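Visitor: Here's the letter readout for the chains.
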Amino acid sequence: MKLRTRTRFPGRRARVGIAAATTLITAIALTGCGVGGGGDASADADTLTVVVEGGGKAELEPIADLYKEETGTTVKLVELPYAGLYDRISTELSSGSPTFDVAALDAIWLSAFADGLAPLDDLYTDDVKDDLFGGLVTEAKVNDSFVGMPVWTNSEILFYRTDLFEDPTNKADFEAKFGYPLAAPTDWEQYRDVAEFFTRDTDGDGQTDLYGTDVKGAVETEWLATVSQAGEEHMVLDAESGDVTIASAEHLEALDFYTSLLPYAPSGASQLDWAGSQNLFYQGNLAMMRFWGHAYRATPDDSVVKDSIGVAPMIAGPAGIGGVPGAWYLSVPTAGAKQEAAKEFVQFAYEHNDLSADTSLGLVARKSAFEAKSGEAGFENYPALLDTLNAPQTLPRPATPEWQEIVDSVLVPMLQKAVEPGADNAALLEEAKSQIEAIIQ
Amino acid sequence: MNGLETRGKSRIVLWALLAAALILYGFPFIYLLLTSFKTPLEAISVPPEVFPTQWTLENYVSALSREGVPAALVNSVVTAVISTALSLVLAVPAAYAITRFRTPSGRVFIVAALVTRMVPTIAVGAPLVEIMRNLGITDTSFGLALAHTTISLPLSIWLMASFFEAVPDELDEAAKVDGCSRLQALWRVVIPVVTGGVAVTAIFAFLASWNEFLFALLLTSVRAQTTPIVIANFQSQFGLDWGGMTALAAVYSIPVILLTLFLQRHIVAGLTLGAVKG
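From first to last, the protein sequence lines stand for chains A and B. Heads up: the first sequence begins at 0 in numbering that gives the first Met the number 0, then just goes up one per residue. Heads up: the second sequence begins at 0 in numbering that gives the first Met the number 0, then just goes up one per residue.
Simulated from the structure, these hints should not be mistaken for lab results. The model shown is predicted, which means the values in this text are computed figures rather than measured ones. Hints may be right or wrong, so weigh each one.
With the C-beta cut set under 7 Å, the calculated list includes, among others, these residues of chain A facing chain B [stated by the list, open to error]:
1) P80
2) A274
3) G275
4) P299
The beta carbon of each residue, even a glycine, is placed where N, CA and C say it ideally should be.
This is chain A alone, in the form it adopts within the complex (with noise of 0.2 Å):
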C-alpha cells in the first residue's frame, strides 16, 4: 500500500502558522475582550446600565447626557431590537441577577415583568401624577405598586394631505355632495364621508389610484382605538374582574365601523401593518391614515407628500374621542444591584423628559412638556397628540401578563378575518371570546 500526499494540503510550515493563529485569537478572546473594551458596566459604581428598544435610544440620549454632565454617572444606553427584548428582560429577571440597571418597557409588558420590578412609589407624587397623561398613570400601577415611570408616549392620531383638502375644486365638489364643508374629519361619519370622496382614479386609467384610507388588518392597536370611540371602558376584557368583553355591542359597533371603510382603501387588508400603512401614505396613495404622531416628524425627505401632511386629533365615535395610549416606562430591576441609583436616574429622566422631545422621533410623556412645544414650527402634531391623549376615552390597553399572547394569537387573526369580504363579525368576536377565555383561564 502506497500513501498519496495531496500538494494542496498546507505544509508543515502553513500548520504551524494556522496553529499560532488560532492560539493567538483563542488567547486575545480569553482576555475577554469584546471590541468596545472596558470592564463589565455593572460592575463599575459610575456606570448604569439602561437597556432600551432601537427606536427609542435617541429619545434617552440627550437625558443620558446631561446625566453625566451633572452626576460624573455614566449611562451607558444598551440597543436591542423590539423582537428580542422581551425575552431579553425576561430571561434576565429570572436569573436573578440582571445585568441592566434600569429597562425601558413597552407598556403592555409592564404587568409581564411586573414581579421583577422594584416598586417606584415614591416618585409619584401628587405634582408627578398631575403631568401625567391619567392613562399613562393607571397603566403604570400593577398590584398596588407603581412599576414604571413614563419616559416617552404615543397615541394615533389623524395624518391628511393639505394639498387636497385646501383645493378649491375638492372643497366645491365636497360640500355639493355631502352638505357640508370639506375639513379635517373629526368623527366616525365625516372620517367615511371624506374616505369615500377621496377614492378615485386620477389618471384617468380606470384604475383607482387615490384611496380615502387604509384598513389594517395585521395590527390590532386602530381597532382596539375604535373600540373606545364606541363607549367601550374595558377593551378585550376586564383585567381586574377576567370578564371577557370583547363580544360586547361596543365592540361590534367598532368592528363594523372599521370595515365599513374597506371600499375606501387598497385591497389587502389582512396584511397591511403599520409600515405598509405609513408608506402608502407617503407614496401619496392614501388621503388620510390614522397613525402614531411620531411619524409626523419621521417623514421622510423624498416622500410625495413631504411638505403637505395635516395632523388633527384621533376621530371620534359616539363616546368621542378615543386612543390607545403607546407608552414606555422606565423600570427598575428589584434583583439590581444598584436601586437607588437607577431609581435617581429614572427621576432624573422624568424631571428631563422635554430634552426627548427635540430627537427624531420627538415623543416626551408629560404634559407639560408636549404644552411646551406646541407652538412651535415642526411640533405640530403636538396639539394633536394632546387632544387625544388627554380625552377621556383614551384608555390603556388590559393590564394582564398573557396581553401578547392574546394580541398574537386571538385578536390579529380575528381582523385578518374581518377584512375579508362577507365575514360574519359577530361570530368572530364571539369565537375571539371563547379563544381568550381559554388563555386567561
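Given chain A, work out where chain B should sit, using these hints.
Guide: Coordinates of chain B only, in the frame set by chain A:
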C-alpha cells in the same frame, strides 16, 4: 441532426436549467441586493418594485456610519472564528475517537450530542446567562463564541464522524507501521485525507455562529454585540429602515460568500476521498 448539434442543444438546455435554478434560489439575495440600492422610500414601496428606479449608495453610507456597526462587524468575525476553531479542535478528536474505537460509550456520546440539538435554545438561555456571569464572560466575544460552540459542536462531531467513517482503518494501520503514533496518524495521514470534510465542518460551524441571533441577544450588550442584533435594530416600534437593513445584510453576506468560494475546492476534493491507492 448530427451528434455535435445534439450535444450543443443539450448544453443549451443544461445552461438554461442552471440559470433558472440560480435565479430561483438566488432571488431572495438578489432582491435584497437590489433593494439596498433603492432610495429609502422606494425600498418599502407598496407594491414593491424589483429594480431601483434611481440607484443610490445612500443606504450603505447610512448603515455603515451608524453607531456600533463597524464594531459589530468585527465582533461577528472574532466570535465566528473563535467558535469555529473551538468546534474543530473539539469535534475532530471526538469524532475520530468515536469512529476508530467504536465503544458503547462512544455511541451513547454521539447520540447524546445529537439530543442536545433538540433542546430549544431559549430553554438554556437563563442558565447560560447565569453561568456566563459567574465566569465573568458575559458581553465578551469569547463567552458568546463558547455559547455558539454548544450549538455547532454536535453537528460538527456528526459531520466529522461521517467523514472519518469513509476513511478505511487500514490507512491508520499503515501510518502506524511507518512509525506514527495514533495522534500522529490522525494529524499527518487521516486529516489530510478528510480536508474537504474539515472545510465543510468549518463552514457549518462558522455559519452557525455568524447568523446566530438568540444567544447574541441574551449574552451581549455593548462590547460584544454582533451584527445580526444590529441588523434587527433597523426595525423598531417606530419604523423600519428597510434600505439600511438590506445594505448591512448585503455587506454581512460577503464574508460568508467569499469563505464558501475559497473553501469550495477543498470541499469537492474532500468528497472524493481518493487517498488509498492499491
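Visitor: With a cut-off of 7 Å, does the beta carbon of A/P80 approach a beta carbon of chain B closely enough for the hint to hold?
Guide: Since the shortest Cβ distance to chain B is 3 Å, the answer is holds.
Visitor: Once the shortest beta carbon distance from A/G275 to chain B is found, is it less than 7 Å?
Guide: Since chain B brings a Cβ to about 6 Å from A/G275, closer than 7 Å, the hint holds.
Visitor: Against chain B, with CB atoms and a cut of 7 Å, does the hint on A/A274 hold up?
Guide: 5 Å, holds
Visitor: Interface hint check: A/P299, Cβ to nearest Cβ on chain B, cutoff 7 Å. Holds or violated?
Guide: 5 Å, holds
Comparing the model with each earlier hint shows no violations; every hint is respected.
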